[in-house]
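J.: Sequence:
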Amino acid sequence: DISVGLPSQLTTRMRLRKNIKTFLFIHRFVEQLSYQLNESHLDQETSIDSDIVINHNTLFRFNNYQKWEISLKNFQTKHGPRMIHRLTSSDALSYGIEVETIIKNQNHFLNQYQFSVNYRKNLYHQWIYFDFIPGVRFPRTDSFKKNFFLNLGAEMLF
4 DISVGLPSQL TTRMRLRKNI KTFLFIHRFV EQLSYQLNES HLDQETSIDS
54 DIVINHNTLF RFNNYQKWEI SLKNFQTKHG PRMIHRLTSS DALSYGIEVE
104 TIIKNQNHFL NQYQFSVNYR KNLYHQWIYF DFIPGVRFPR TDSFKKNFFL
154 NLGAEMLF
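All residue numbers in the sequence shown are consecutive under the numbering used here, ending with 161.
It should be emphasised that the hints constitute simulated quantities derived from the structure, not laboratory data.
Worth double-checking, as some hints may not be accurate.
To be verified - Think about it this way: if two alpha-carbon atoms lie no more than 20 Å apart in a straight line, the pair counts; the simulated DMTMM-like pairs of lysine to aspartate or glutamate are: (1) LYS21 x GLU42; (2) LYS81 x GLU34; (3) LYS148 x ASP94; (4) LYS148 x GLU103; (5) LYS70 x ASP46; (6) LYS107 x ASP145; (7) LYS21 x GLU34; (8) LYS107 x ASP46; (9) LYS70 x ASP94; (10) LYS81 x ASP46; (11) LYS76 x GLU103.
My request is simple: use the sequences and hints to build the entire structure.
T.: Written out as structure tokens, the structure reads:
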């Protein structure tokens, strides 16, 4: 996997995926190593998402994610539940709570928590997607005062 962004940034990734089915859950394991050539920056990421199907249009997911920026010696984790509701065959809503922690100087800190809703629309043959994500986050850097945000995104998959 090689990607290019703006401003130009060349990244190469190696990814390992494995789905594990247990009684009611499907656990999705992803291990990824990324290297940014412009900055000589190496990252290691692990995620385990545990899904349970509520009904044909609703999925409950618990996310667990960790990222280690090896070159920068930064370590963070993100955890939280998410409810995903399919509205039609081409769009869905996702409601979630997320807690982010960091390790700095061998101390573990709650860095922020947030609540968000993600509207995702498939624009073209599962290749191009649009995301509209409003939410509120409570960052430690602002003494956990609420900050509203709105993210707009487009994703192209090849």
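J.: Look at each hint and say if it fits the structure.
T.: A quick look at each hint next to the structure:
1. Of the supplied pair hints, the one linking LYS21 and GLU42 is violated, its CA atoms being roughly 30 Å apart against a limit of 20 Å.
2. Distance restraint check for LYS81 and GLU34: the Cα-Cα separation of roughly 15 Å lies within the 20 Å cut-off, and the hinted pair is therefore satisfied.
3. Restraint check for LYS148 and ASP94: the C-alpha separation of about 32 Å exceeds 20 Å, so the hint is violated.
4. Of the supplied pair hints, the one linking LYS148 and GLU103 holds, its CA atoms being roughly 15 Å apart against a limit of 20 Å.
5. Taking the CA atoms of LYS70 and ASP46, the gap is about 7 Å. The hint holds against a cut of 20 Å.
6. Of the pairs offered as hints, the one joining LYS107 and ASP145 holds, with about 18 Å between alpha carbons and a cut-off of 20 Å not exceeded.
7. The straight-line distance between the Cα atoms of LYS21 and GLU34 is roughly 9 Å, inside the 20 Å bound, and the hint therefore holds.
8. With a C-alpha separation of about 16 Å, the suggested pair LYS107 and ASP46 falls inside the 20 Å cut-off, and the hint holds.
9. For the hint linking LYS70 to ASP94, the alpha-carbon distance of about 29 Å lies beyond 20 Å, and the restraint is violated.
10. A threshold of 20 Å between alpha carbons decides the hint, and for LYS81 with ASP46 the separation of about 16 Å falls inside it, so the pair holds.
11. Simply put, LYS76 and GLU103 have alpha-carbon atoms about 17 Å apart, close enough for the 20 Å limit, and the pair holds.
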